[in-house]
Amino acid sequence: MTVTQDAVPGGGPKRSVTRRRRPLTFDRASFMVVFLGLPLAVFVIFVVSPFVQALYYSLTDWSGFSAGQNFVGLDNYVKLFHDDIFLKAVRNNVLLAIVVPIVTIVLALTLATLVTIGGSGTGTVRGLKYAGFYRIVSFFPYVIPAIVIGLIWAQVFTPSSGVLDAVLSKIGLHGFENYAWLGDARTAMPASMFVMIWGFVGFYMVLFIAAIRGIEPEVFEAARIDGAGRFRSAVSITVPLIRDNVQTAYIYLGIAALDAFVYMQALNPGGGPQNSTLVMPQQLFTTAFTKGQFGYSTAMGVVLAAVTMLFALVVFTVNALTGGRERKVKVRR
Amino acid sequence: MTTTAADRADVVVASRAPGQRAPEGRGVATTAHVALILWSLLVILPLVWTLLSSFKSTQEVLGNPLSLPGKLRFENYSNAWTTAGIGRYFANTVIVVGSALVLVMILGAMCAYVLARFTFPGNRLIYYSMLAGLTFPVFLAIVPLFFVLKNLSLLNTLPGLIVTYVAFALPFTVFFLHSFFKALPGEIYEAAQIDGAGEWRTFFSVMLPMARPGMASVAIFNFLGLWNQFLLPVALNTDSKNYVLSQGMASFASQAGYAVDFGALFAAVVITVAPVLVVYIIFQRQLQVSVTAGGVK
Chain A
95 MTVTQDAVPG GGPKRSVTRR RRPLTFDRAS FMVVFLGLPL AVFVIFVVSP
145 FVQALYYSLT DWSGFSAGQN FVGLDNYVKL FHDDIFLKAV RNNVLLAIVV
195 PIVTIVLALT LATLVTIGGS GTGTVRGLKY AGFYRIVSFF PYVIPAIVIG
245 LIWAQVFTPS SGVLDAVLSK IGLHGFENYA WLGDARTAMP ASMFVMIWGF
295 VGFYMVLFIA AIRGIEPEVF EAARIDGAGR FRSAVSITVP LIRDNVQTAY
345 IYLGIAALDA FVYMQALNPG GGPQNSTLVM PQQLFTTAFT KGQFGYSTAM
395 GVVLAAVTML FALVVFTVNA LTGGRERKVK VRR
Chain Y
59 MTTTAADRAD VVVASRAPGQ RAPEGRGVAT TAHVALILWS LLVILPLVWT
109 LLSSFKSTQE VLGNPLSLPG KLRFENYSNA WTTAGIGRYF ANTVIVVGSA
159 LVLVMILGAM CAYVLARFTF PGNRLIYYSM LAGLTFPVFL AIVPLFFVLK
209 NLSLLNTLPG LIVTYVAFAL PFTVFFLHSF FKALPGEIYE AAQIDGAGEW
259 RTFFSVMLPM ARPGMASVAI FNFLGLWNQF LLPVALNTDS KNYVLSQGMA
309 SFASQAGYAV DFGALFAAVV ITVAPVLVVY IIFQRQLQVS VTAGGVK
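Listed in order, the protein sequences are those of chains A and Y. What the first sequence shows, in this note's numbering, is residues 95 to 427, in sequence order. What the second sequence shows, in this note's numbering, is residues 59 to 355, in sequence order.
Honestly, the hints are just simulated from the structure, not real lab data. Warning: the hint list may mix true and false statements.
Ranges between beta-carbon positions, derived for each pair [stated by the list, open to error]: (1) Y/Val336 with A/Ala135: 22 to 28 Å; (2) Y/Phe262 with A/Ala414: 23 to 29 Å; (3) A/Ser143 with Y/Phe341: 35 to 41 Å; (4) Y/Leu130 with A/Ala400: 34 to 40 Å; (5) A/Gly226 with Y/Ser237: 40 to 46 Å; (6) A/Gly226 with Y/Val160: 55 to 61 Å; (7) A/Glu271 with Y/Val160: 23 to 29 Å; (8) Y/Leu96 with A/Glu271: 20 to 26 Å; (9) Y/Leu96 with A/Ile192: 34 to 40 Å.
Not the full set, but computed from the structure, chain A residues with beta-carbon under 8 Å of chain Y [as the list claims (entries may be wrong)]: (10) Leu245; (11) Asp353; (12) Ala382.
Just some of the chain Y residues that point at chain A, by a computed CB distance under 8 Å [as the list claims (entries may be wrong)]: (13) Ile153; (14) Ser157; (15) Met163; (16) Leu165; (17) Gly166; (18) Val201; (19) Trp258; (20) Ile278; (21) Ser312; (22) Gln313; (23) Leu335.
Because the structure is a prediction, the values reported are computed rather than measured. All residues carry an ideal CB built from backbone N, CA and C; glycine is no exception.
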């Protein structure tokens, strides 16, 4: 809010295009107050202030409903690093943030490549027939709410009445007649990862298709004349040229995997067998809204945010170190 | 997952290996089709199974999962709609998402316009704090947010949920529209000013209509994002008569464990998925253009 107040009387807003000052008329003053003040008020009250408060609460023993809250310094954080269940959740999140983006991107890139340069023909590199159909179908999961994706797959994975066990035993794998994919500590996490990947691939496939289509066709032609096959073109041309898109995708996917709350709530609300699918957000949610330990749970939130920032930093660094910027060739927009 | 990953790896390898050897195209195209058809089946079959199951009785659902429904039990849909409360949740969702969408588009466009076209002290600060709001996990804010709403008596109310949706969709909206307003030519603003239009008039009659394509893209993104929203309602809207679809579905699936009416559960899934899926198929071109415009940036 204070930002708004500064902004308006600051000598009248100046235009960026011309440097000529304009008088502060009622029209202009009311315009700035409403146009900037209203959105900012909402943003500051409901987004900025909770984030800032969270930093403070994480240093208290606040239980929310008690009147007093004591400042306990870093006690919550010390406690967190001795909390085996929370550490398990951190490990699960890290595992998710490594596996889910990589598999999703490899799969999405492969499918996008097949759609864009898999077409037959002797002349130019061209797209596949029915590319539109594949694109539309692959994109379906993006328009299905994540919670529903989770619920559908939870039913698919259900022992005996789920369709997966039925199909597997039909094709002769009799060990799976009554197998609880989500109830066995060995498969619960891989199965959950699969569901997330299923939900993500289509979206990134569409993004990559657009990025590949943005590459100048001449680049492919030149490679072709130089004797590069399709596979070689995909590895040596497509990937380096759409590298920035891949980086962006990796960050988005990693952030989604560090959350994973919706999927896990749908598949295994309790954290799964031996907490094998428990993630930080689930633990935070229970600690806050079931146990009422608000100070402790906001400390978990701070750790989650720190891990998220760290993750983004690592991706940027790795991309920069492996030469992400220099190899950028002009990509048609 | 290990099995699935291996299966997929096979598909990938199989589809690529001939690509190196086949002199021209045909073989590559065939393997490409096979791989893409397999993926399409993996996407569609669970949905088809869900649709079929939505017509089954609970006994049939718990029986052979590969069987077809004995008859089309449309009563599953009415049970889901009324008994399980999906109809109510649906209405709540339409109210919440609809209002939040309209509000965030208006507020977001206004804010983005001012930030993009006017210089004033604090401009950059606001812009970057919006960007930060976009990257920080909502989980960090959720506990204090609970008490902010509680203190404003907005907890467990639809208006409270609406304003929270608006606040958390705002950074993305501003960020996206900012580049859009920045790209609009300055001469048009000049012309409007010379013709005597005030700031309000210039925005609503000239600038906003010109930003329409950008607005459409953001609106689609926001709609899907808000329609899918799960954490905010689960934490801030715990009164079951105010439930939105996503949380209503979750509570329906978990309630009572064994006493769930499975036919109705599948019907509820279909009710939740079908409208958006149909709208998507109709507008898929527009949607995919928007998605790529937003993502390829």
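Comparing the hints with the structure gives:
Range check, Y/Val336 to A/Ala135: Cβ separation about 38 Å, and the 22 to 28 Å hint is violated. Our hint of 23 to 29 Å for Y/Phe262 and A/Ala414 is violated, since their Cβ atoms are close to 44 Å apart. Between A/Ser143 and Y/Phe341, the C-beta spacing of about 37 Å keeps the proposed range 35 to 41 Å intact. Take Y/Leu130 and A/Ala400: their Cβ atoms lie about 53 Å apart, and the range 34 to 40 Å is violated.
Distance hint for A/Gly226 and Y/Ser237: a CB-CB separation of about 28 Å, inconsistent with the stated range 40 to 46 Å. The supplied range of 55 to 61 Å is broken by A/Gly226 and Y/Val160, whose beta-carbon atoms lie about 32 Å from each other. Between A/Glu271 and Y/Val160 the C-beta distance comes to about 52 Å, which lies outside the given range of 23 to 29 Å. Between Y/Leu96 and A/Glu271 the Cβ separation comes to about 24 Å, which falls inside the hinted range of 20 to 26 Å.
Judged by the Cβ atoms, the range 34 to 40 Å given for Y/Leu96 and A/Ile192 is violated: they are separated by roughly 25 Å. For the restraint placing A/Leu245 at the interface with chain Y, the shortest Cβ-Cβ distance is roughly 5 Å, inside the 8 Å limit, so the hint holds. Hint status for A/Asp353: holds, given a least beta-carbon distance of 7 Å to chain Y, under 8 Å. Given hint, A/Ala382 at the interface with chain Y, holds; its Cβ is 5 Å from that chain's nearest Cβ, closer than 8 Å.
Given hint, Y/Ile153 at the interface with chain A, is violated; its Cβ is 17 Å from that chain's nearest Cβ, farther than 8 Å. Annotation: Y/Ser157 was flagged as interfacial toward chain A, and the flag is violated, the nearest CB pair being 13 Å apart, outside 8 Å. The criterion of a C-beta within 8 Å of any C-beta in chain A is not met by Y/Met163, whose closest approach is roughly 11 Å, and the hint is violated. For Y/Leu165, the shortest C-beta to C-beta distance to chain A is roughly 4 Å, which falls under 8 Å, so the interface hint holds.
Among the interface hints, the one on Y/Gly166 holds; its C-beta lies about 7 Å from the nearest C-beta in chain A, closer than the 8 Å criterion. Contact between Y/Val201 and chain A, as hinted, is supported at the beta carbon level, the nearest pair being about 5 Å apart and thus within 8 Å. Because the closest C-beta pair between Y/Trp258 and chain A is about 6 Å apart, less than 8 Å, the hint holds. For Y/Ile278, the interface hint is violated, since its Cβ never comes within 8 Å of a Cβ in chain A; the closest pair sits about 10 Å apart.
Here the hint on Y/Ser312 is kept, as its CB sits about 6 Å from the closest CB of chain A, short of 8 Å. Because the closest C-beta pair between Y/Gln313 and chain A is about 12 Å apart, greater than 8 Å, the hint is violated. Against a cut-off of 8 Å between C-beta atoms, the interface hint on Y/Leu335 holds, since the closest Cβ of chain A lies about 6 Å away.
Hint compliance for this structure: hints 1, 2, 4, 5, 6, 7, 9, 13, 14, 15, 20 and 22 are broken, all remaining hints hold.
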